Structures are given as structure tokens and as C-alpha cells.
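As they're listed, the protein sequences go chains A and B.
Note that the first sequence covers residues 1 to 128 in the working numbering.
Note that the second sequence covers residues 1 to 128 in the working numbering.
Think of the hints as simulated: they come from the structure by calculation, not from any bench.
Please read these numbers as outputs of a predicted model, since none were measured by experiment.
Warning: the hint list may mix true and false statements.
Identical copies carry no separate label here, and so any pair may be met within one copy or between two of them.
[As the list claims (entries may be wrong)] Each computed DSSO-like pair below joins lysine-lysine, with the alpha-carbon atoms no more than 30 Å apart:
#1 56 x 107
#2 126 x 107
#3 69 x 119
#4 107 x 69
There are 2 protein chains.
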Amino acid sequence: MNWLDEVTWDANGLVPVIAQEHDTGRVLMFAWMNREALQLSSETNQAVYWSRSRNKLWRKGEESGHVQKIHEIRLDCDEDVILLKVEQVGGIACHTGRHNCFFKTLKDGNWLIDQPVIKNPDEIYKHE
Amino acid sequence: MNWLDEVTWDANGLVPVIAQEHDTGRVLMFAWMNREALQLSSETNQAVYWSRSRNKLWRKGEESGHVQKIHEIRLDCDEDVILLKVEQVGGIACHTGRHNCFFKTLKDGNWLIDQPVIKNPDEIYKHE
């Protein structure tokens, strides 16, 4: 049986993916993959997602250079969630220029930003 | 503005949630919350999810005792994914009796289990 067939794809043919920095354990981002994205990720050892907003393959880092080199691909008990352990090139996973996307923390009933912008997004996405 | 209103709920009124062990950084599981679940989680400091299969609130650990004590609730850049930092009581998050749900790793085109069962599920769920 092909390993891709063992993944339980949702009604849209997608699977949720958690990207985690392999050495620090920090959770970088959350995204989705379709079958082709997962196959390409595995073949190239770089994270390729499915962009639900743009409705196309999203080669993470294709504009920013902030690619994610895959160290490990893991699957959960229900076979419907992927955990990617990656090296985040450039140390920036978030489109806001921060290390990761989870930069807001709940404090006394408010979402507070507690992570700095490492690089101005205008400098990251020069070609847009 | 209420902090719950700042979360972007999907078409089903849900938000994906990543549960991470606060001290080790290990990703424990992935689940969903509706607004009530997130509010209850915040109020009780214990993870309450929305079970999509049972279509009801799921107070994590209500049968097993393996509750998740919340240390931090984080939100991502798009405000549509939650990251919970928790203490996993009992050291078992997965219904299979393992530490976490991501116990399969892709190796040479096969999903290999590389994490042990800590406790037999029959012993965990005695009341079912």
C-alpha cells in the first residue's frame, strides 16, 4: 500500500499540517496539504503546502527564500494530521516577518503580541 | 472587543487547535474547538475541545483522567489557529495509550511506529 493512501484526506482532499522547528521544538505554523503537496514535500525534502486562499500549490519560501527543509514527516493516530519537523531557513516562518505565526498570547482577556518582527515584510517580499 | 470575537471561526464555527507540552515542546495532539470550548478552556484552565465525531463538547481527560492543564493560549497571525501550551497529566495524550498522537514516522516509504504504548487503553478507559 502506498504511504500516501494511508493518509485520511478530508472532504476537500486535504490534510492539516503542523510545522515544528526540529531543534528548538517551537511550533512554526499551521497549513494544509493535498496529496500532491505531500508527495512533493517528501520527494524534495522541502515543505510544499496547498494554499486554500489561492487554490494552488504553495512552495513555502518560493518568494521569501524562507524554505523549510524537512527532517521528518510524522502522522497521527487517526492518520489525518501531519507533523513536519523542519529546519526553518532564515529563521522566519511567518509572513509578518516573525519567527513563527503564533505570536499572540492570551493575557487578562486580551491577545498580546510578544514576539518581535525580525525582518520587515516589505524587505522579505521584494517581488510582490 | 471580546477576545473570542477576534478568533476567525471556520464555516462550522470551529478553530483548529494544536496542543503542545509546555516544558518539553513536544506536540501532543491536534483537535478542534468551538467558541464554547475555547471559553471553557480559558475559564477552567483545562483543555475542552469540540468532538466532530461525537458532535459535542469533549472535556479532555474526563474518562481517562489525562486532563491537560493549560499554561498558555496562543493565536496565530491569521487568527484562525490556536496553540495550547499544556501540562499533560499522566503523560499520556493519545487514546492509544501513548505520550502523544504523532507516533508514526515516514521511513523509506512506510509509516513506522516509533513510540511505545505507556498504558493499555483498556486500563485507561475502564468505564467504557
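Consistency of the hints with the structure:
no. : hint      : result
1   : 56 x 107  : between (36 Å within a copy, 27 Å between copies)
2   : 126 x 107 : neither (35 Å within a copy, 38 Å between copies)
3   : 69 x 119  : within (20 Å within a copy, 34 Å between copies)
4   : 107 x 69  : between (33 Å within a copy, 16 Å between copies)
Checked against the numbered hints above, the structure breaks only hint 2 and satisfies the rest.
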